[in-house]
Structure formats: structure tokens, C-alpha cells
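Number of protein chains: 2
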Amino acid sequence: MATVKTYRRKLDLSGRVDLSHGAGGRAMAQLIAEIFHSALDNEWLRRGDDQSVFEIGAGRLAMTTDAFVVSPLFFPGGDIGSLAIHGTVNDLAMSGARPLYLTASFIIEEGFPLADLARIAQSMGAAARDAGVFVIAGDTKVVERGKADGVFITTAGVGRLPHGLELSGDKARPGDAVLISGSIGDHGVAVMSKRENLEFDCEILSDSAALHGLVEGMTAAAGASLRLMRDPTRGGLAATLNEIAQQSGVGFRLEEEAIPVKPEVAAACELLGLDPLNVANEGKLVAVVAPEAAKALLDAMRAHPLGRDAAIIGAVVANERRFVQLKSSFGGSRIVDWLAGEQLPRIC
Amino acid sequence: MATVKTYRRKLDLSGRVDLSHGAGGRAMAQLIAEIFHSALDNEWLRRGDDQSVFEIGAGRLAMTTDAFVVSPLFFPGGDIGSLAIHGTVNDLAMSGARPLYLTASFIIEEGFPLADLARIAQSMGAAARDAGVFVIAGDTKVVERGKADGVFITTAGVGRLPHGLELSGDKARPGDAVLISGSIGDHGVAVMSKRENLEFDCEILSDSAALHGLVEGMTAAAGASLRLMRDPTRGGLAATLNEIAQQSGVGFRLEEEAIPVKPEVAAACELLGLDPLNVANEGKLVAVVAPEAAKALLDAMRAHPLGRDAAIIGAVVANERRFVQLKSSFGGSRIVDWLAGEQLPRIC
Ligand SMILES: Nc1ncnc2c1ncn2[C@@H]1O[C@H](COP(=O)(O)OP(=O)(O)OP(=O)(O)O)[C@@H](O)[C@H]1O
Ligand SMILES: Nc1ncnc2c1ncn2[C@@H]1O[C@H](COP(=O)(O)OP(=O)(O)OP(=O)(O)O)[C@@H](O)[C@H]1O
Ligand SMILES: [Mg+2]
Ligand SMILES: [Mg+2]
Ligand SMILES: [Mg+2]
Ligand SMILES: [Mg+2]
Ligand SMILES: [Mg+2]
Ligand SMILES: [Mg+2]
Numbered sequence: 001m002a003t004v005k006t007y008r009r010k011l012d013l014s015g016r017v018d019l020s021h022g023a024g025g026r027a028m029a030q031l032i033a034e035i036f037h038s039a040l041d042n043e044w045l046r047r048g049d050d051q052s053v054f055e056i057g058a059g060r061l062a063m064t065t066d067a068f069v070v071s072p073l074f075f076p077g078g079d080i081g082s083l084a085i086h087g088t089v090n091d092l093a094m095s096g097a098r099p100l101y102l103t104a105s106f107i108i109e110e111g112f113p114l115a116d117l118a119r120i121a122q123s124m125g126a127a128a129r130d131a132g133v134f135v136i137a138g139d140t141k142v143v144e145r146g147k148a149d150g151v152f153i154t155t156a157g158v159g160r161l162p163h164g165l166e167l168s169g170d171k172a173r174p175g176d177a178v179l180i181s182g183s184i185g186d187h188g189v190a191v192m193s194k195r196e197n198l199e200f201d202c203e204i205l206s207d208s209a210a211l212h213g214l215v216e217g218m219t220a221a222a223g224a225s226l227r228l229m230r231d232p233t234r235g236g237l238a239a240t241l242n243e244i245a246q247q248s249g250v251g252f253r254l255e256e257e258a259i260p261v262k263p264e265v266a267a268a269c270e271l272l273g274l275d276p277l278n279v280a281n282e283g284k285l286v287a288v289v290a291p292e293a294a295k296a297l298l299d300a301m302r303a304h305p306l307g308r309d310a311a312i313i314g315a316v317v318a319n320e321r322r323f324v325q326l327k328s329s330f331g332g333s334r335i336v337d338w339l340a341g342e343q344l345p346r347i348c
Numbered sequence: 001m002a003t004v005k006t007y008r009r010k011l012d013l014s015g016r017v018d019l020s021h022g023a024g025g026r027a028m029a030q031l032i033a034e035i036f037h038s039a040l041d042n043e044w045l046r047r048g049d050d051q052s053v054f055e056i057g058a059g060r061l062a063m064t065t066d067a068f069v070v071s072p073l074f075f076p077g078g079d080i081g082s083l084a085i086h087g088t089v090n091d092l093a094m095s096g097a098r099p100l101y102l103t104a105s106f107i108i109e110e111g112f113p114l115a116d117l118a119r120i121a122q123s124m125g126a127a128a129r130d131a132g133v134f135v136i137a138g139d140t141k142v143v144e145r146g147k148a149d150g151v152f153i154t155t156a157g158v159g160r161l162p163h164g165l166e167l168s169g170d171k172a173r174p175g176d177a178v179l180i181s182g183s184i185g186d187h188g189v190a191v192m193s194k195r196e197n198l199e200f201d202c203e204i205l206s207d208s209a210a211l212h213g214l215v216e217g218m219t220a221a222a223g224a225s226l227r228l229m230r231d232p233t234r235g236g237l238a239a240t241l242n243e244i245a246q247q248s249g250v251g252f253r254l255e256e257e258a259i260p261v262k263p264e265v266a267a268a269c270e271l272l273g274l275d276p277l278n279v280a281n282e283g284k285l286v287a288v289v290a291p292e293a294a295k296a297l298l299d300a301m302r303a304h305p306l307g308r309d310a311a312i313i314g315a316v317v318a319n320e321r322r323f324v325q326l327k328s329s330f331g332g333s334r335i336v337d338w339l340a341g342e343q344l345p346r347i348c
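Top to bottom, those sequences are chains Y and F.
The C-terminal position of the first sequence is numbered 348 in the UniProt record's numbering, with every residue numbered one higher than the one before it.
The C-terminal position of the second sequence is numbered 348 in the UniProt record's numbering, with every residue numbered one higher than the one before it.
Source of the hints: derived by calculation from the structure; they are not laboratory data.
Hints are not guaranteed to be accurate.
Stated by the list, open to error - As a list, the in silico EDC-like pairs of lysine to aspartate or glutamate whose alpha-carbon atoms are at most 20 Å apart:
1) F:Lys-194 / Y:Asp-275
2) F:Lys-194 / F:Glu-144
3) F:Lys-10 / Y:Asp-275
4) Y:Lys-194 / Y:Glu-144
5) Y:Lys-10 / F:Glu-342
6) Y:Lys-171 / F:Glu-43
7) Y:Lys-194 / F:Glu-144
Remember, predicted model here, so these are calculated numbers, not experimental data.
Produce the complete structure using the sequences and hints provided.
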């Protein structure tokens, strides 16, 4: 599809998306040009071909995708646009890859305000620029009123892996140290609070952020001692550690008091009946590292703004049942399960 | 997320998707393992990491994405699963790239039958195998009843470009020949007929198909004489040619009687009040080629099963207003516009 740059009238941003904006004709071309291409502008989108082409040196690429269906679309600390960039950047970064090129696909409900769509596109563009990635291809579909919920965005991305780095969820070994890059629960609580119209003394912001800068310092500091990284998104830290336990065939022993939780997040979780361990994060990572490199890794994390509150929170243990155990400050111990129920839908 | 292969009970396929299937816990892991990984099985998905890694030689990669919101989900000749593979494979193929790796992101409405989801995943797996591509990463979100329409799928993909081939929408030049790979309108009419519950003497099937095999023969035959290819999806042949006209700053002159339309499709279009030129295709391509190579390209297309009915349908002309003109069999001529209205929503 060609990016036609001049239309008789500019899009009226006080208007709303209608079915013609997804029908493949002139109205769609104008919407894409004036809302999306202007916000995400780069040489690839400007071409307007059905695909974009980039040069790459020989080596390994990482590839991933996530759909974003967060509700509400705008929340303290971010919105679906920035989140859709951060989420895919982070899944790439967890392999140690440098994120490079993203795609973004929009499913829009008929009647959605054009001004909100523009705001989302702008936020996406800003997040992409901040992260140093390019959205080089997109798609725009419109469905009838009542057949979606405002806007859903799916991003996919590719990144380049540095030579020699091989991280994977099956690499945790008993004795390894477990680190987290900062406080948990911020994102889920920020979204839930907004959804439930809760007001707190100090506003709780989503931690939504691109983590590849932090990761760069970590791989430099820990090298081959780094076993794996993962971003504890849906299901929170509890789900992430249970997943790794399954993949690596190990258990975890965590120190409850070592896990950073902001007091206001802890308070909000009490009010909402949530355990911060189950709440999604969008700007945090868990790292598993050989014990001898744990201190160096921690220092590297703390040296980065997004790892300032990093902490060693426990260790990998041999455990046939692959349990994640949490030692409380009172000396007790409980098993942190991987929730089966409907924990926090639509937070990402 | 780990692919945990054993659960206490297997998923009951007579059941329905609920919010827990998107919540990041055990229920989601089981859904992904038993519905998606079993259907799409490959070494990358089996790892269960947040991203997948592949080796690549130095060169150029093409990347693209499309969301699929077709309604109904199952239609004569295909379903949303196979369509989601073909659509992204074709957008890659239009650059001459060999499609390699895809991602697939699902947004599922609460209450959707698990059996239908399994059928879609199986169809996707079969289409990927037939096309020789791998779905190496995915995502699964569930939204509340009434917040989506069954299932939406977004695929993204990368492919490798052969050395030296540089196709783009801005390369059409006056005098170039315009070819189509077969009859137009089949996909849109198949979907619309199913939606409107129309019955015809002979069932009209979607043309949904992966075109990269056809493309391979074309690039071999036409080499550097090939200017560009494009798949006339939403908006049909009319939109595609208008787009290229804009990008290249040219006009088109088409011979109406040279454009292949199946009689049953023409009849259905009359009944539905549609012009086949505006109706979506999902297994056709338009090619623009230097005139001296047109015959060789046509022969190459006809030698492939998906190009059996290929035809030279007109030529690129110099035209400042970038009009697409259609010469009818009676000698008259009309301008084929790029529709502005709400032509055929939800056909892909
Ligand atoms: N929301 C968006 N943001 C950025 N670019 C977009 C967006 N939607 C579409 N594009 C870009 O606009 C151009 C046309 O997209 P379009 O979806 O019409 O192409 P297509 O995929 O070939 O057609 P179809 O979706 O009907 O199969 C492409 O270059 C695409 O990358
Ligand atoms: N529908 C699907 N088809 C195929 N694979 C899938 C599907 N959904 C998820 N996966 C795969 O399952 C694994 C876990 O996906 P998940 O979405 O939980 O990871 P994540 O993106 O890191 O988490 P989040 O989506 O919460 O950010 C990944 O390997 C992913 O590629
Ligand atoms: Mg993710
Ligand atoms: Mg992740
Ligand atoms: Mg598209
Ligand atoms: Mg397409
Ligand atoms: Mg296309
Ligand atoms: Mg995901």
C-alpha cells in the first residue's frame, strides 16, 4: 500500500474510527499515513511496501511476539502503545539480544476516538525511539462496535544476539543465585487501581520500561556465568520461577524479606486481595547466575537506573518436585504455587 | 514459559476457553502445550523460552505482519488459521523473499469452544508445514465475553531475500506489462457468501494459498525485469493498482476482458452488489514487469499450479493523475477508483 501524503482534507481528530478505516481503501491509507506513519516515522514505513527489508550480518537472531489487550488503555505510568513496545523489546532482551526491528498490528473497534488512537501511536513512537528500535511494518484492522474493546495491539520483533551468549530457561542449576532487578507488583497494581478507581496517597505507577540497556551491563559483567533471564509479566514472579523450575528441573528457595515490594504496592495488594508475587511486572527481570558471579552481577544491575533496587532474592535448589519455596522473615516456609485461577485478566 | 508436558488431566476439548487460559498460570501453560504446541510443533516452541533464536547468514531479510479478524472463522476453502499463515507468507513472498520464520499471537474471547481453537491451530500447523515455514513464537491472551469476536490472530514473519532482487511499489514504469496470477474475487465472495448464508450451484472456495513457490519460478524467469509484485487483498485489484499508481507516479490501463473472473464469482458479485475488482483475494498476485519479459513471466506463472490461469491484463501508462483505467469489451473506458467507503469488512 502506498503512503499517499496528501488528502483533500486532513483527518479530523475529533472524529472516530469507522469500518472504512480498515477496508483497504483511501480512508485506511489516510489513517495509516496521518496517525501511524507520522508517529512511527522511519525509512521503511515511508516506502509503503507490503514488507520491509533490512540488512543483517551473519549470526543469530531472536524473534518474539506478544498481544496487548490491557484495560484501561491508559494507566498511570504508561499506555497500551508504550507497553506494546516494551513487552516485545523485553522478551528479546531476555535472551541477551539487542532489539532491532518490530512490527505492530492494530485491531480497532469501530467508534474508537481518533484522538486516542493518535495518542497511542505517539506514545508507541516515543517508546520505540527511546528504546532505539524501529517499527518497520504494521497492519490496521477495524471490527464492528462490540466486537473488540477499543484497541488491541500485537507487536513482534527481532534482535541480534551477541556471539557466544546462550541463555535458556533450562539452565538453572542448584546453587545458582536468583536476582530481581527491582520491586515487584508495580505494573499490575497500577492497572488494577486505575480499573477499580482506587485512589492512594501516592500514585502507583506502572514500571513499564525497556530493559535491554540494563541487560547489556549484566551480560558484560557476568558473561558465561549468566544462566538465564526472564521478565516476570503475567502471573508475576511466582509464575516465572515455577516455569523455570519446570524447564530446568530444579526448585527455588526464596527469602521473603529480600524481595523488594514498595510499601504502597504492598498496601494496595492487601486492599485488592492480591499477593505481590502473582502480580505482573513490565519493567523487571529475574536473573539466574552462577553463585561466584552473583555479586558482580548485582553491582552491574544496581549501576543502571532500572536496576537500582536490584536484590539477590534466593537460590536454585535441587528439588524433584520443582517447588518454589518462600522462607518468611519469621522462619516459616511456604510453597509459592503457580496459580491456576483467573488471576488479574487484561493487565497487559 | 515452560512447556510442561504432563497435567493431571488432559484438556477436555468439549470445554471452553476461560479467563484463566490467558492469566499466565498453569491453565495457560496447558492450553499452549496441548492446543498450540502440539499443532505447530517444532524445536523452537519446545524450548518454551520467551523468544526463539535462529541462525542466519549475512544478507537481507524481509519482515511483515498482518492481523486476521475474518468472520466467519471457518469458510469454504480455509479458515482463520490457514489464512493467518498464507497472509504473512504472501506479504514476504511479494518482495521475492523466501519465508522462513513466523510468530502467531492469539486474542481469544472467553467462552470460545476449545474444539474450534484446536481445529484452527491444526489448520495453522498444516498450512505452515505445507509452506515450509515454522511458527517459532506465540502469545495467548483471553478477553472477557463480548470484548472480542471468537478469535483474532496476528502473524508476523521474516524471510530471506535472494541476492540482487530489489522489488518495490515505486518501480512501475510506463510501458511495463501488468499480470495477474489467476481469477479475482474468490476469497471475498467465499467469505461473504458464507456470512450471508448464500448457496450457489457450485460452491465458491477461497483462493487462500501460499504464493512463494509461484514467486520462485517468476523471479527465476524474469530476473531483473521484474519490477514489483503485490497480493491484491483488502480492496481487491482496484486498491492494489491504485496504491502502486500512487507509489510509482504512473497510471494503469487494463483490458476488462483479460481479467479472469470465474462465472460463479461474477454471478455472486452481481447478487451481492459487488465489483470483483474491489473484492479481496488471498492467493493471487499482481506483477509488473518490463514489456520484453512479459511473455516469459506469463509462461513461468502458468507452469505453476497457482498460476495456471495467469494473464496479462494491461499496461502501465504515463498519467499525471495516476488513474487506473479499464477498457471494456465494448470499447468504452472507465476509471477504477480506490473505494473510500466501507467495502467488505472482516473478510481477512
Ligand atoms: N498501524 C500501522 N502502523 C504502521 N504501519 C502500518 C500500519 N498499518 C499498515 N501499515 C503499513 O501500511 C502499508 C499497507 O499495509 P496493508 O495492511 O494495507 O498491506 P497488506 O498487508 O499488504 O494488506 P492486507 O492487510 O490487506 O493483507 C504497509 O507498508 C504496512 O506496513
Ligand atoms: N498461541 C501460542 N502458540 C504457540 N506458542 C505460544 C502460544 N502462546 C504462547 N506461546 C509460547 O509459549 C511460551 C510462553 O509464552 P508467554 O506469552 O507466557 O511468554 P511471555 O511473552 O514471556 O509472557 P507475557 O505474554 O506474559 O509477556 C513462549 O515460548 C511462547 O512463544
Ligand atoms: Mg512477553
Ligand atoms: Mg517474557
Ligand atoms: Mg496488512
Ligand atoms: Mg497482507
Ligand atoms: Mg499484501
Ligand atoms: Mg507472551
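Here is what the structure says about each hint:
1. With a C-alpha separation of about 48 Å, the suggested pair Lys-194 (chain F) and Asp-275 (chain Y) falls outside the 20 Å cut-off, and the hint is violated.
2. Restraint check: the Cα-Cα separation between Lys-194 (chain F) and Glu-144 (chain F) comes to about 26 Å, which exceeds 20 Å; the hinted pair is violated.
3. The hinted pair formed by Lys-10 (chain F) and Asp-275 (chain Y) fails the criterion: a straight-line CA distance of about 28 Å is larger than 20 Å.
4. Pair hint Lys-194 (chain Y) plus Glu-144 (chain Y) does not hold up; C-alpha atoms about 26 Å apart against a cutoff of 20 Å.
5. Between Lys-10 (chain Y) and Glu-342 (chain F) the CA atoms are separated by roughly 19 Å; this keeps the pair inside 20 Å, and the hint holds.
6. Between Lys-171 (chain Y) and Glu-43 (chain F) the alpha-carbon distance is near 17 Å, which keeps this suggested pair within the 20 Å criterion.
7. For the suggested pair Lys-194 (chain Y) and Glu-144 (chain F), the alpha carbons sit about 18 Å apart, so the restraint of at most 20 Å is met.
Of the numbered hints stated above, those contradicted by the structure are hints 1, 2, 3 and 4, listed in ascending order.
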